[in-house]
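Model the full structure from these sequences, guided by the hints.
Take a look at the letters that make up each chain.
Number of protein chains: 2
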Amino acid sequence: MTFLDTVKFDEQGLIPAIAQDAQTGRVLMVAWMNKEALQLTADTKRGVYWSRSRKKLWHKGEESGHIQVVKEIQLDCDADVIILQIEQLGGIACHTGRQSCFYRTLDDNQQWQIVEPVLKDPHAIYEHPKHDH
Amino acid sequence: MTFLDTVKFDEQGLIPAIAQDAQTGRVLMVAWMNKEALQLTADTKRGVYWSRSRKKLWHKGEESGHIQVVKEIQLDCDADVIILQIEQLGGIACHTGRQSCFYRTLDDNQQWQIVEPVLKDPHAIYEHPKHDH
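Going line by line, the protein sequences match chains Z and P. Residue numbers for the first sequence follow the working numbering, beginning at 4 and rising by one. Residue numbers for the second sequence follow the working numbering, beginning at 4 and rising by one.
Rather than coming from a laboratory, the hints here were simulated on the basis of the structure. Incorrect hints may appear among the rest.
List of simulated lysine to aspartate or glutamate pairs, EDC-like, C-alpha gap at most 20 Å [unchecked claim]:
#1 Z:K38 <-> Z:D81
#2 P:K58 <-> Z:E14
#3 P:K11 <-> Z:D110
#4 P:K123 <-> Z:D81
#5 Z:K58 <-> P:E14
No experiment lies behind these values; they were computed from the predicted model shown.
Have a look at this one:
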């Protein structure tokens with residue numbers, strides 16, 4: 004019996020994981036984990052996910068250097084969502100070069116507005132932009 | 004073309020929605036929305052979800068009174084996760100009677116520990132506990 008037995012993975016064997024800045028509370032990104040990614044995250048205290056597009060483990064920051072140092076791992080009442088309280092090295096979690104993936108907000112006219120600047124050109128972060136996501 | 008056209012719902016027509024306390028940044032719960040729930044949330048500025056267990060719209064607080072006043076709706080880069088910045092009326096988001104659904108944390112021995120008190124007995128909140136979730 005390990006902590007993984009409590010966690011409810013979906014039909015694809017995955018669970019959504021929210022990466023939240025441990026200092027500011029800002030939600031930086033949401034990605035998916037399989038059992039191995041969650042175990043590795045717990046063991047190494049680094050954010051490790053399952054890339055659904057690339058169908059392989061994704062050690063966040065492996066290409067960008069934007070590693071996530073995990074301070075705490077939280078589980079919800081239904082045991083089907085994880086939160087990682089993290090320190091985001093480099094201050095950029097999003098593959099667009101922004102601090103957070105949640106850079107769009109719905110305005111009063113029900114239009115999405117981009118409210119956050121690009122801190123670094125993705126071409127300067129990745130050899131193949133969109134790769135580290 | 005409405006804001007909904009930008010949003011990527013999954014094969015079941017759903018998108019995960021994170022409810023975050025607009026003041027404190029605490030993540031209170033994660034639930035699912037279909038198109039109608041998201042439109043209603045935007046129109047009424049109240050948290051409306053799709054209950055996967057009951058297979059119907061779920062106006063959060065309909066039974067408990069723990070309504071969510073929505074201050075802001077955010078969308079991530081892949082357009083497949085929503086954040087609601089909310090004020091949680093009653094101060095309780097979780098059906099267990101806790102402030103947040105994320106009341107468990109992984110300790111140094113990789114065991115889940117409950118680190119948050121029950122504020123109100125679920126039987127005092129719901130006629131049929133586990134119903135409003």
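Here is how each hint holds up against the structure:
1. The suggested pairing of K38 of chain Z with D81 of chain Z holds, with an alpha-carbon distance near 17 Å, which does not exceed 20 Å.
2. With a CA separation close to 18 Å, the supplied pair K58 of chain P and E14 of chain Z stays within the 20 Å bound.
3. Distance check on the hinted pair: K11 of chain P and D110 of chain Z sit about 19 Å apart at the alpha-carbon level, within 20 Å; holds.
4. Of the pairs offered as hints, the one joining K123 of chain P and D81 of chain Z holds, with about 18 Å between alpha carbons and a cut-off of 20 Å not exceeded.
5. Distance check on the hinted pair: K58 of chain Z and E14 of chain P sit about 18 Å apart at the alpha-carbon level, within 20 Å; holds.
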